[in-house]
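Undergrad: Below are the chains, spelled out letter by letter.
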Amino acid sequence: MLSKRIIPCLDVKDGRLTKGVKFKGNVDIGDPVETAYQYYLHGADEIVFYDITASSEGRDIMIETVKNVAEKIFIPFSVGGGIKTVEEMRRVLLAGAEKISVNSAAVQNPEIISQGADAFGSQCIVLGMDVKKVPVSEKIPSGYEVVINGGRKYMGIDALNWAKRCEGLGAGEICLNSIDADGTKEGYELELNRLISSNVNIPVIASGGAGTPEHIYQVLDDDRADAALIASMTHFNEYTIKEIKEYLSGRGIKVRMNW
Amino acid sequence: MIVIIDYNAGNLTSVKRALDYIGATSLITSDFKKILDADRVIFPGVGAAGKAISDLKSNRLDLALKEVFESGKPVLGICLGTQIILESSQENNTRCLSLVKGDVLKFPDDLRDTEGRKLKVPHMGWNSIKLKRPHPLFDGVPEDSEFYFVHSYYPAPSSPDNILGETLYGIRFTSVLSSGNLVAVQFHPEKSGRPGLKILENFYRWSGKKNVE
Chain A
29 MLSKRIIPCL DVKDGRLTKG VKFKGNVDIG DPVETAYQYY LHGADEIVFY DITASSEGRD
89 IMIETVKNVA EKIFIPFSVG GGIKTVEEMR RVLLAGAEKI SVNSAAVQNP EIISQGADAF
149 GSQCIVLGMD VKKVPVSEKI PSGYEVVING GRKYMGIDAL NWAKRCEGLG AGEICLNSID
209 ADGTKEGYEL ELNRLISSNV NIPVIASGGA GTPEHIYQVL DDDRADAALI ASMTHFNEYT
269 IKEIKEYLSG RGIKVRMNW
Chain B
308 MIVIIDYNAG NLTSVKRALD YIGATSLITS DFKKILDADR VIFPGVGAAG KAISDLKSNR
368 LDLALKEVFE SGKPVLGICL GTQIILESSQ ENNTRCLSLV KGDVLKFPDD LRDTEGRKLK
428 VPHMGWNSIK LKRPHPLFDG VPEDSEFYFV HSYYPAPSSP DNILGETLYG IRFTSVLSSG
488 NLVAVQFHPE KSGRPGLKIL ENFYRWSGKK NVE
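Chain order of the listed sequences is A and B. Position in the first sequence (first residue = 1) + 28 = our numbering. Position in the second sequence (first residue = 1) + 307 = our numbering.
It should be emphasised that the hints constitute simulated quantities derived from the structure, not laboratory data. Take the hints with a grain of salt, since some may be wrong.
[To be verified] Result set (DSS-like, lysine-lysine): computed pairs, CA atoms no more than 30 angstroms apart in a straight line: (1) B:K437 x A:K270; (2) B:K323 x A:K100; (3) A:K100 x B:K425; (4) B:K437 x A:K282; (5) B:K425 x A:K270; (6) B:K425 x A:K282; (7) A:K112 x B:K437; (8) A:K95 x B:K408; (9) B:K439 x A:K282; (10) B:K408 x A:K100; (11) A:K100 x A:K41; (12) B:K323 x A:K95; (13) A:K41 x B:K323; (14) B:K373 x B:K408; (15) B:K425 x A:K192; (16) B:K373 x A:K100; (17) B:K425 x A:K161; (18) B:K358 x A:K192.
For clarity, every value in this text was computed on a predicted model and none was experimentally measured.
Just need the whole structure built from these sequences, with the hints factored in.
TA: In structure tokens form, the structure reads like this:
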């Protein structure tokens, strides 16, 4: 049967990790290529790069980073952050990424999803969604609203309707980030994940809130999500991917144990 | 020299990068003669069956592939490349290459696991393979290895002789086909970590015969 995926997320700016990532037995590393390689060797099922560079020079550096990553890691990886056009998608995919994640660009121009899916296939297009819990209203019937700019800007779009619409436009996967849970290390937003996951037929990657293997278990159990995005949990040696997977496996979640 | 057949079907450079990594010389080409001159051929592909077949035919690459297959040189199909070697595909109701008897079917709409939970289509992510018999391409690949899949249609060869490996996703489907000098896999060995690279290494050394000499 299909395994649930554990996906480390690396934030990159101007070709460097924005926070150092430290592995057992290694010194602090700011190099996204070496860090991705270590994760690849140590059991990550996929890797997400989130490019927070604003400048076009920074973007060229990111393309170089993607090329260097693709030369030495042989699992899928995606790149997100600031990609707005099919041409930009093409550059990143040709450099070796498996998938492109679009977030604000899709909110501003939903057609980018269908254009990307037509050009490269749905499997290449990940919809990144930042979501905040709000009071249920006529406009936001699910009680979850799509936000951008790290949660500062409310878009007046219902998260569930948005997820379904983007699935229809050709998104192949959804990376669902709860702004409320993000950074708390108190666990994923389980209700949100269940709501979206049970209403779309594409995989959902849960994001935001992971602090312990138990949190990952909670969101992967009972099909609330198909994959879990993690960051600080493993970046600073608190847990290894292996420890997380052994825990999940012990609790009956199928994960890839041989790599 | 390994030739990777180029027919506009997705990102072929990821296959080439994996071959570079294991030290296998390769060339991405749509040149008829270069394909026939290759020592071995990889037939990859991502996308839809209908377009793939028409792109192949417009360059006569279907004929090149058939000729290579009949010559006995080792051929490795990947993903869509694996599907279109069969006789037909339900995707775009496509007439395929008929190198192996059988069809390509869509996963049923109401796909469920053994506990009755609904399964999503496409089948995307890591899954395992149960080999029916040993094969040189899987030498040294641990039995519990998993491989990266992304597909909504699956190969269904008519003869059990062509079923080398099976994968469970709601139904049991053929994830590895073989026919003499041809092996075709539904997953992406170039994205499947070390077990995937091992398969590519084995292919690089394989004579095209069933057993290791």
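Undergrad: Run every hint past the structure and note whether it holds.
TA: Structure-based check of each hint:
Pair hint B:K437 plus A:K270 holds up; C-alpha atoms about 24 angstroms apart against a cutoff of 30 angstroms. In summary, the hint linking B:K323 to A:K100 is supported, as the alpha carbons are separated by about 12 angstroms, within the 30 angstroms threshold. Between A:K100 and B:K425 the alpha-carbon distance is near 36 angstroms, which puts this suggested pair outside the 30 angstroms criterion. A threshold of 30 angstroms between alpha carbons decides the hint, and for B:K437 with A:K282 the separation of about 16 angstroms falls inside it, so the pair holds.
Only pairs whose Cα atoms come within 30 angstroms are accepted, and B:K425 paired with A:K270 is accepted, the gap being roughly 28 angstroms. Taking the CA atoms of B:K425 and A:K282, the gap is near 16 angstroms; set against the 30 angstroms cutoff, the hint holds. Straight-line distance between C-alpha atoms of A:K112 and B:K437 comes to about 42 angstroms, which puts the hinted pair past the 30 angstroms bound. Of the pairs offered as hints, the one joining A:K95 and B:K408 is violated, with about 39 angstroms between alpha carbons and a cut-off of 30 angstroms exceeded.
Distance check on the hinted pair: B:K439 and A:K282 sit about 23 angstroms apart at the alpha-carbon level, within 30 angstroms; holds. Of the supplied pair hints, the one linking B:K408 and A:K100 is violated, its CA atoms being roughly 37 angstroms apart against a limit of 30 angstroms. Pair hint A:K100 plus A:K41 holds up; C-alpha atoms about 21 angstroms apart against a cutoff of 30 angstroms. Proximity of B:K323 to A:K95 is assessed by CA-CA distance (about 13 angstroms); at most 30 angstroms being required, the pair is judged to hold.
Distance hint between A:K41 and B:K323 is fulfilled; the C-alpha atoms sit about 28 angstroms from each other, no more than 30 angstroms. With a C-alpha separation of about 14 angstroms, the suggested pairing of B:K373 with B:K408 holds against the 30 angstroms cut-off. Of the supplied pair hints, the one linking B:K425 and A:K192 holds, its CA atoms being roughly 17 angstroms apart against a limit of 30 angstroms. For the hint linking B:K373 to A:K100, the alpha-carbon distance of about 33 angstroms lies beyond 30 angstroms, and the restraint is violated.
Under the criterion of a C-alpha separation no larger than 30 angstroms, the hint pairing B:K425 with A:K161 is consistent with the structure, at around 27 angstroms. For the proposed pair B:K358 and A:K192, the alpha carbon gap of about 27 angstroms is at most 30 angstroms, so the pair holds.
In summary, the numbered hints that this structure violates are 3, 7, 8, 10 and 16.
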